[in-house]
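So the sequence lines, in the order shown, correspond to chains A and B. One point on numbering: in the working numbering, the residue at position 56 of the first sequence is 56, and numbering is uninterrupted. Numbering-wise, the working numbering comes out as the position in the second sequence, counting from 1, plus 202.
If you're looking for bench data, these hints aren't it; they were derived computationally from the structure. Yeah, the Cβ is synthetic: ideal placement off N, Cα and C, and Gly gets one too. It cannot be assumed that every hint is accurate.
Only part of the chain A face toward chain B is listed, based on derived beta-carbon distances under 7 Å [claimed, not checked]:
hint	residue
1	P35
2	E47
3	P48
4	A84
5	D115
6	D196
7	R199
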Amino acid sequence: MTLDDLRAALAAVPGREWLDDALARVRTDPDTAGPLFARAERKLGREPLAGDGAWTAGRAARALLLAELADPQRIVTLYQQGDAAERLAVLAALPLLDIGDAGVPLLQDALRTNDARLVAAALGPYAAHLDAATWRQGVVKCVFMGIPLSAVDRLDDRADQELAGMLSALAQERAAAGRRMPDDATALLNRLTVADTSRKQA
Amino acid sequence: MRIFDPHIHMTSRTTDDYRAMAANGVQAVVEPAFWLGQPRTNPGSFADYFDSLIGWEPYRAAQFGIRHHATLALNPKEANDPRCRGVLDLLPRYLDKDGVVAVGEIGYDSMTPAEDEAFAAQLALAISYELPALVHTPHRDKAAGTRRTLDVVAESGIEPGRVAVDHLNEVTVGLVRDSGCWMGFSIYPETKMSPPRMVEIIKAYGTERILVNSAADWGHSDPLLTVETGKALLAAGFTADDVDRVLWRNPVEFYGQSGRLDLSETTPGATFAGSSIARGGS
């Protein structure tokens with residue numbers, strides 16, 4: 001999804017006029033963004049957008065408001081002052097916004113929570129900005145919390161032998177406790193082990 | 203029996219309570235902001251508390267299939283500490299949030315001038331944010347406090363039908379019924395109100411504008427006393443429809459006036475149910 005895709009998907013939804021007005025207000029006075037961002041979901045609704053179940057009309061509207069705002073500090077503030085749905089909307093929009101590394105502290109905040117939705121959202125495409133140690137902790141936290149690893153963007157590209165060591169240690173703890181590892185984590189660990197063996201043999 | 207507990211402080215309750223509530227038919231709750239036993243000393247403590255009521259707590263409830271909404275306010279007790287008055291400046295930002303379905307708990311504790319001021323200011327906020335108001339009545343001097351509460355509500359200009367006056371008993375229910383406000387009852391193990399007394403009050407006053415809650419918190423209280431009250435009503439000859447009206451449709455009607463009540467079923471897939479909480483945290 002790009003911002004243009006979201007604009008197109010919102011072209012005919014109920015509440016479109018409200019959104020146009022909100023975007024115009026944010027353009028002329030960025031201080032109005034807070035209340036408009038908070039209200040966007042109940043104005044636009046929580047129906048999934050056609051073509052992409054990850055986006056609801058309300059979340060897409062929030063992404064457009066952030067793009068209109070285009071000010072990293074104000075975007076960070078909207079996350080910090082947001083409820084869970086507002087924070088999820090900011091995290092989902094981060095890869096679409098031109099804000100460099102300014103969103104990294106928001107990923108770190110989301111990864112500290114115990115809300116599986118926030119943890120998963122922190123490991124989307126914008127996680128390319130996360131350093132390797134934080135990213136690995138995030139992946140292992142997904143395994144720990146039962147979050148499907150399909151939530152992690154570019155999982156196999158970034159997974160390294162250090163992650164393999166952490167997963168292997170978790171697998172040992174689970175085995176000692178008589179508990180199962182999630183299948184997708186075991187599969188990842190197997191892929192990493194095979195890759196390591198062929199590297200050593202080469 | 204489906205139950206909507208319109209007043210319960212889940213922040214102070216355990217995950218086992220959520221499990222027991224869900225198993226006994228509680229499908230929705232409203233958590234009013236109140237005090238936490240230990241007085242707070244600055245607005246930042248309230249900001250973190252409010253964030254929890256619109257962030258973590260609804261998520262925790264959703265793990266058990268329970269919808270969680272909140273009412274936010276500076277409570278009357280802490281309104282007396284000048285260090286906490288800045289909370290009134292924080293509130294506008296929070297009253298715009300989707301999960302906030304009323305301003306509350308507001309009202310009186312010791313009936314001081316500081317409480318007068320915070321009460322009136324927050325009724326005005328309820329009007330400007332088009333939210334209902336949840337009003338606490340004092341434990342001491344309750345009848346006088348309730349009369350004064352109703353005077354302040356009338357002066358504020360808010361419609362009485364958008365105000366719930368809570369923690370009522372046999373002495374105060376009539377005053378509130380005549381005012382047009384909703385009548386809230388907190389069923390407690392020993393103090394405020396009991397299931398058998400609640401049955402008698404509904405026999406006398408009917409089911410209209412009645413809200414029954416557990417007001418369970420960090421004190422001696424029980425989140426399943428709404429369920430017990432439903433059983434007591436059935437045993438006394440009320441119909442299942444009467445019970446559904448009192449324990450579900452009435453709170454839906456009252457908080458529905460906010461336009462923000464979301465009772466769509468929680469979807470376990472969307473919140474990765476069975477994850478960290480069910481497994482004991484990370």
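Now for the hints, and whether the structure bears them out:
1. P35: At about 5 Å, which falls below the 7 Å cut-off, the nearest Cβ of chain B leaves the hint on P35(A) intact, so it holds.
2. E47: 11 Å, violated
3. P48: Where the cut-off is 7 Å and the nearest Cβ of chain B is about 11 Å from P48(A), the hint is violated.
4. A84: At 5 Å from the nearest chain B Cβ, A84(A) passes the 7 Å test, so the hint holds.
5. D115: 5 Å, holds
6. D196: 27 Å, violated
7. R199: 32 Å, violated
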